[in-house]
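2 protein chains.
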Amino acid sequence: MSLESMLSLLSLESPSPEGSIELKTLVFKPKTPKSQVPVPVIVVAQSTTATAAPVIAKYAGVKEPRLANDELTTTFFGTPAKEFSLASLSNDHKDGKIKILIDSSIKDDSETTYILANSVAKLALTGSQLSGFLSVYSPVVVDFIAEASATPAAAPTKSAAPAAAASTNTAKLEDAKLIGVTVDKEADFSNWYSQILTKGEMLDYYDVSGCYILRPASYSIWEKITEWFDKRIKQDGVTNAYFPMFVSSKVLEKEKDHIEGFAPEVAWVTRAGSSELEEPIAIRPTSETVMYPYYAKWIRSHRDLPLKLNQWNSVVRWEFKHPQPFLRTREFLWQEGHTAHLTEAEADEQVKTILDLYAGVYEELLAVPVVKGKKTENEKFAGGLYTTTCESYIPTTGRGIQGATSHHLGQNFSKMFNISVENPLGSDHPKIFANQTSWGLSTRVIGVMVMVHSDNKGLVLPPRVAQHQVVIIPVGITNKTTKEVEDNLYSTCTALQAKLKAADVRVITDFRSNYSPGWRFSDAELKGIPVRLEVGPKDLATDSVLAVRRDNGAKTSISISEIETKIPELLEDIQSSLFKAAKEKFDTHRVIVDEWKDFVPTLNKKNLILAPYCDVPECEDDIKDSSSKQDNGEDMDVDEKAPSMGAKSLCIPYDQPPMKAGQKCIKCDRPAVHYTMFGRSY
Amino acid sequence: MSLESMLSLLSLESPSPEGSIELKTLVFKPKTPKSQVPVPVIVVAQSTTATAAPVIAKYAGVKEPRLANDELTTTFFGTPAKEFSLASLSNDHKDGKIKILIDSSIKDDSETTYILANSVAKLALTGSQLSGFLSVYSPVVVDFIAEASATPAAAPTKSAAPAAAASTNTAKLEDAKLIGVTVDKEADFSNWYSQILTKGEMLDYYDVSGCYILRPASYSIWEKITEWFDKRIKQDGVTNAYFPMFVSSKVLEKEKDHIEGFAPEVAWVTRAGSSELEEPIAIRPTSETVMYPYYAKWIRSHRDLPLKLNQWNSVVRWEFKHPQPFLRTREFLWQEGHTAHLTEAEADEQVKTILDLYAGVYEELLAVPVVKGKKTENEKFAGGLYTTTCESYIPTTGRGIQGATSHHLGQNFSKMFNISVENPLGSDHPKIFANQTSWGLSTRVIGVMVMVHSDNKGLVLPPRVAQHQVVIIPVGITNKTTKEVEDNLYSTCTALQAKLKAADVRVITDFRSNYSPGWRFSDAELKGIPVRLEVGPKDLATDSVLAVRRDNGAKTSISISEIETKIPELLEDIQSSLFKAAKEKFDTHRVIVDEWKDFVPTLNKKNLILAPYCDVPECEDDIKDSSSKQDNGEDMDVDEKAPSMGAKSLCIPYDQPPMKAGQKCIKCDRPAVHYTMFGRSY
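Each protein sequence line maps, in turn, to chains C and B. One point on numbering: in this note's numbering, the residue at position 44 of the first sequence is 279, and numbering is uninterrupted. One point on numbering: in this note's numbering, the residue at position 547 of the second sequence is 782, and numbering is uninterrupted.
Rather than coming from a laboratory, the hints here were simulated on the basis of the structure.
Given that identical chains are not distinguished, each listed pair holds provided it fits within a single copy or across any two copies.
With a straight-line Cα cutoff of 25 Å, these simulated SDA-like cross-link-like pairs (lysine to any residue) come out:
| # | residue 1 | residue 2 |
| --- | --- | --- |
| 1 | K342 | S366 |
| 2 | K543 | L660 |
| 3 | K485 | I350 |
| 4 | K543 | S748 |
| 5 | K485 | E382 |
| 6 | K293 | E382 |
| 7 | K736 | D471 |
| 8 | K491 | I256 |
| 9 | K615 | M651 |
| 10 | K736 | A782 |
| 11 | K469 | K607 |
| 12 | K543 | I743 |
| 13 | K489 | T284 |
| 14 | K609 | K820 |
Excised from the complex, chain C in its bound form:
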């Protein structure tokens, strides 16, 4: 075929013939025992037709099909997932090596022109032509459209919103049980977490999977954190700036180790309006490579050091794992600080200063205890020298959770980006590459706080970060209450609010007379307001009010004349009680284990473990493998089945237990170097 004829042939197909319909060809990987070769399932349907995983599972006779990754498509079809097309099929795939599901609307349609496209080619053909071509693979015909409408639309799926309180109507809301949390924290932690976040109005689920709406109740916590942290880094000489969210692929990929860690999760913009971009542009997953070319430009002399910039922004990491509000989201808010220093020691100091501030955010604001330490080589930030971390603990699941990390990048990035200055000793000395740090704290902190303190009644918020610290609710109004007493009650509540506001207490009133006081109590508990003030006619008679603590339900009568001092004291007491309770739990579940035989049993009791460890990366891999549930031939999903998960190293705590002389590593025969904290983790 001549070039010209081929060109004209192709140009015939472009643009698509009028009335033609686009098809999708998706490759799914079913859950398969490790010992077996998976049988990919190829789904051919109109691009707008829903092809839900359960339907595919049913008709292909497989378990939990998921969209195949490049690894699978490359192995089976010699092409990355996005370039897969039916043209990739060959004789090798006959005889049950793959399964094909084809939508019944296409199967025998000889009228319509269908378009099959992947990222490199596009073909037009009829449904009958297509099924003729596919017949050698014995496709299964599925009526996807009927299947989709048969599935109840409200059925909750993993990535969609759980059935929300909002769908109950106002009348039903009179029953406090209905507005509250309907599952037990211990029995169904995952649903409990969803429910308290949505019913507590912290967050709402969103129609783009892995993205969530931060409602005022959670965003205001983030504001408290940013205010506290921002003030302190400014005192440390850091200034804020803003770098673009877009990164060219050239710049993004400059530091190889670094990008390797992020590449699978980078979101790419390829189109603007109706124009394809000449080069795809990435959305920052973090800003090292965004910022450092400019550090190289701005840092001309050792007098320009240290350069300490921070930005408050959002970053995107398109995780394909099961998303979880606050903990694993595709877009999240954070701060990222990036500093450059003349000496390694100054950078050490910076890393430590920030780590202490991170611990402060957790312990002083969120009342969540943390263990500070250093990450092992396996777990450090790719491309950096070492990583320090605050690690926290979720008692209900017994899992550790990384709180925030502060990295010493050494000179790796500065050499890559040429961030260098003349030696202060003179130009006959070698030039000096900057020592850099980077550090980030994200909205993840809010998720940790919720998981640690909240209970079956709803959120429990530490007073220092709660949007509303006190709610005033009038009580004891009956049919017999006189108008005068009632008016007096309301005006007292309003006066109390003003008094407390003047004392810098964040206080609201709940005068919603269409709801009973009991309903309003439950609502305030659901939302985690630290103190409820009940004001009734009897209280007024003694010039006092009843304060009820959210954390432990304790009630105290407070004289109105002392309200401006007693309430702030009470709030501080709640703050420290929450911290104390959480710390006690963490302390009793951080167990020193010196012998391997005790490791897994201790882990299974929802503990984190401090174990003597040799600091050899391979040994850490071994610990992880050996502590995961015995391989039962299933390709386990660690997110949903936490107990099967192996323990990984969380950090080498700065606060080390005394090591016995001659102590060996818990797993191997090498001498132990550090007590290292291991655990199942998020």
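Given chain C, work out where chain B should sit, using these hints.
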């Protein structure tokens, strides 16, 4: 050809053969008199080879070639720009209907396999095959690589960074002239603006076109603005939240009028890691359609109204027009407020409250005068009821600039998204759709401020927003100065700094002894620091310091004992002087014109015009056409040639001049309804 053979043929080409090289085929539209049909220029080169517009212009013999839009490619080749390929060429294009430039490296290369791809097809062929195919179009052979290296790398281009001060070395920096602005504000406003922003360290150019880095000097101004505005909206009952940056196309496109305005500028994410997304996902250009589905869910009763949320975020509008720092950028920071109310009147009130705050940001913080008013029907927010605006004025260009807008959305969006409540009068009354408002203020304000106040010495910053309000510079140190005097001088400077800090003045010292005091004065002027304090041995003798104002250069001696009161007074005086000077300019260049014959001459004297106007949209179009430069057959670029631009309506000012009885519209015979402000604008 059978389906199977075609599929296998295509699969051969995919992935590309090893060692093959990708080509690009770009279509350019040259500047062409309106009366003539343009001759598109097609450039064929390796995808990595730079093919600069000046080189294309030179070899194709055309003026200012620009990448062709869909309109041109559809007219000429029947295909949108992104689907154009050489396969789109036909006999119709012979005989000089198009011009083709082909890179010399490809021309006669029969060894290498080249890949020609567009969004629908991909072909592999040799250079000789390709040039054989193209020969009927008489292509011009260009050595693009040699041309690229012949062009000096430092030559500033419109979208790239201007030659920066940073490239001069430290020795040369001793000459104050070199660090300063090298072009005149009046003579070359565009380059002046670039220079003061980059040399003043407000901003740096970035390697993704249309995106800029906000350095601490500008970001700190944004922080001052956010702090001021955030506090005031919170007092007004607004709370902050955060909605995801991603929008599904289904949701984005729900309100038709609205999306029509934004669609051409929406950036689309189509890929994550190496996986194509099933559906492209948009990055928010604004959040009406992101937020309102949730307003519908959250607003259950009239007691939930008003709902007032705001978010501080960044949005993306992928403009294809000439980008300009702060004024027209592809990503920008802003706040967007969205409220829902029971009545239209409450929404009216909200719109006005916010507009007043916007005017406050300009006038009280940035010392930039504005005119408040309502947009005409032509200029209002698409999908809204009416739009209010603060309009400002750039004296140097005589152009108006939209400052910030506050929209009354009426019930249009609430009907679309079903944001409704039961009628408080009872369920037998019709349900009520919420009345909504939305309003935004962006980092554009910083650009306006810079354009209005700054001068040929650099930035001039209003003290209330300046990152550093005062710089203290020791002077008068010579070889003869004793160590004791010198030490005393430095310690006095440090003590002064502490005193001023205690008085809440943002003050720095400049002790860089490797630079002369004169150089440091220039540097402080370049950066726009409002007050420079010079402290020399002679001043110390009289216990005083010399204060030099950045805005007018005036010098005052201030007694050290009064420094904590005199400096804040001086700063406030500078703030009001800046506002007064700008207001005077704006007031004298806002001219009432009642007769059309005076309209264009007045406009050409860098004025905005207040003209009696009939409020009929078509008449506004007529005014715009009639006030643009007479058509000289050139396809004018309005960005670069402002005087050719027609005047559009900026607003109907709330502050109306008295209208004469029987006054007609300035352009037509209809009676005038309002004085309307017209002008050339950004």
